[in-house]
Amino acid sequence: MKDFDYFSARTVEEALGLLSKYREEAKIIAGGQSLLVLMRQGLLSPEYVIDIKGISDLDYIRYDDVDGLRIGALTTHRSIERSELIKEHYRVLSEMERNLATIQTRNWGTVGGNLCYGHHSGDLAPVLISLNAKLKVARLGGERVIDIEAFTKDLLEVDLEPDEMLLEIQVPPLKPYTGIAYEKLMVMQGDIGIVGASVLLRLNSSDGVCEEARIGLSGASTVPFRALEAEGVLVGRRIDDSVLREAAEVASEKADPPSDVHGSSVYRREMIKVFVRRVGKVALERARQG
Amino acid sequence: MKGELKDLKLVVNGKPYELKVKPKALLVDVLRKDLKLTGTKRGCLESTCGVCSVIVDGMAVRSCSILALQVNGREVTTIEGLSEGGKLHPIQEAFVNHGAIECGFCIPGRVMVAKALLDENPNPTREEVRLAMQGVLCADSGYVKQIEAVEIAAEKMRGGEGR
Chain R
1 MKDFDYFSAR TVEEALGLLS KYREEAKIIA GGQSLLVLMR QGLLSPEYVI DIKGISDLDY
61 IRYDDVDGLR IGALTTHRSI ERSELIKEHY RVLSEMERNL ATIQTRNWGT VGGNLCYGHH
121 SGDLAPVLIS LNAKLKVARL GGERVIDIEA FTKDLLEVDL EPDEMLLEIQ VPPLKPYTGI
181 AYEKLMVMQG DIGIVGASVL LRLNSSDGVC EEARIGLSGA STVPFRALEA EGVLVGRRID
241 DSVLREAAEV ASEKADPPSD VHGSSVYRRE MIKVFVRRVG KVALERARQG
Chain Y
1 MKGELKDLKL VVNGKPYELK VKPKALLVDV LRKDLKLTGT KRGCLESTCG VCSVIVDGMA
61 VRSCSILALQ VNGREVTTIE GLSEGGKLHP IQEAFVNHGA IECGFCIPGR VMVAKALLDE
121 NPNPTREEVR LAMQGVLCAD SGYVKQIEAV EIAAEKMRGG EGR
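Line order of the protein sequences matches chains R and Y. So for the first sequence, this note's numbering puts the first residue at 1; every next one is plus one. So for the second sequence, this note's numbering puts the first residue at 1; every next one is plus one.
Any given hint could turn out to be false.
Said to hold, decoys possible - Pairs of lysine-lysine, PhoX-like flavour, derived with a Cα cap of 20 Å:
| id | chain 1 | residue 1 | chain 2 | residue 2 |
| --- | --- | --- | --- | --- |
| 1 | Y | 2 | R | 2 |
| 2 | Y | 20 | R | 21 |
| 3 | R | 2 | Y | 33 |
| 4 | R | 254 | R | 153 |
| 5 | Y | 6 | R | 2 |
| 6 | R | 2 | Y | 24 |
| 7 | Y | 6 | Y | 24 |
| 8 | Y | 20 | R | 2 |
| 9 | Y | 145 | R | 2 |
| 10 | R | 21 | R | 175 |
By construction, these hints were calculated from the structure, which means they are not laboratory data.
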């Protein structure tokens with residue numbers, strides 16, 4: 001790893017001040033569970049590293065029925081997994097965390113770091129896509145809120161200007177008769193996903209017709225992928241296995257999965273079919289429970 | 001200035017240290033080279049194998065994947081911090097007595113992950129032990145005895161049989 005200069009920021013203001021000063025020459029480190037791997041491989045060699053792990057103001061999980069869920073960018077994966085609030089209102093996030101990485105990585109790694117890494121196999125982004133989440137980012141003197149599905153631009157590239165940082169994940173409250181589930185294909189538990197699918201289904205309570213569907217996929221493109229056309233297959237229909245199968249076929253067709261050491265594009269395309277259908281079934285059962 | 005030494009204060013195995021380290025120094029290297037605590041092993045150095053695991057503020061973490069400066073002001077426990085007055089910790093004792101050690105290279109990291117688990121959850125299910133152990137790879141594939149050793153230690157630490 002190349003030498004760099006190091007700052008430990010104690011507040012958001014301090015971190016943003018350093019970012020506006022050093023811009024492209026600086027990188028933020030939170031848990032560093034992905035960044036340090038890239039730096040050791042020589043893919044990144046910043047002049048300045050700004051450590052924000054100590055900003056306790058960005059480590060929080062809040063919920064209310066009007067605004068929904070707010071997660072500070074420096075919340076660790078382990079905190080998400082264990083949060084009673086999250087288990088009660090968004091159990092899919094807690095379930096996702098169990099296989100997101102090994103326990104050591106989840107103890108130190110943060111949700112903000114996971115998203116800003118911008119990897120197409122990340123677990124968090126597809127789940128947040130299905131939850132219709134937004135992200136709050138800031139620079140000195142200004143904030144903006146962006147849709148999660150627009151955040152990742154390309155492989156390891158996210159929609160952050162050099163002087164911006166991610167502050168918060170915002171998830172709207174779930175309406176009645178909503179079911180959501182996530183699963184991924186992995187070689188062993190806690191490993192990187194080869195493909196993953198997160199499916200949200202909202203039913204019309206009276207007759208079981210699907211009113212809303214949101215599908216986020218990992219490993220399906222160079223970025224976390226929203227399967228819009230597959231969602232279109234589901235909305236307005238009474239969901240059963242054949243409808244899920246049809247949606248899974250469309251998701252697979254519209255995806256553009258990469259080939260890499262974890263799996264070929266052809267294999268991933270097949271597995272997308274399997275996982276959209278399998279996860280869709282679980283989401284449907286949950287939605288029917290109210 | 002790039003590479004300029006920075007102050008690092010931390011407590012390791014109950015003992016306070018004040019050092020100067022390069023920003024790029026990894027926790028594993030500061031433990032091994034500066035503090036001469038070589039019980040913690042360097043494995044893959046890419047966050048895959050987990051043999052470098054130590055405990056920071058009660059949590060198992062990978063010391064190859066944390067800058068030493070990130071633990072400034074925190075408490076670190078390594079394998080050297082487990083025995084008391086020459087007496088092995090119950091987890092260490094269970095690994096020895098149960099023949100769970102094989103070549104031994106991953107054992108310091110594995111014991112630390114087991115300790116973090118049992119401190120938090122004194123009565124884990126087999127599944128919970130497996131999920132914790134999954135974060136440390138064993139090149140000898142000696143997992144079954146390792147999982148059993150953690151269960152034996154857990155029982156002893158709860159004050160059950162085997163004491």
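Hint-by-hint comparison with the structure:
| no. | hint | in the structure |
| --- | --- | --- |
| 1 | 2/Y with 2/R | holds (9 Å) |
| 2 | 20/Y with 21/R | violated (26 Å) |
| 3 | 2/R with 33/Y | holds (19 Å) |
| 4 | 254/R with 153/R | holds (18 Å) |
| 5 | 6/Y with 2/R | holds (16 Å) |
| 6 | 2/R with 24/Y | holds (8 Å) |
| 7 | 6/Y with 24/Y | holds (10 Å) |
| 8 | 20/Y with 2/R | holds (18 Å) |
| 9 | 145/Y with 2/R | violated (41 Å) |
| 10 | 21/R with 175/R | violated (44 Å) |
Hint compliance for this structure: hints 2, 9, 10 are not met, and every other hint is.
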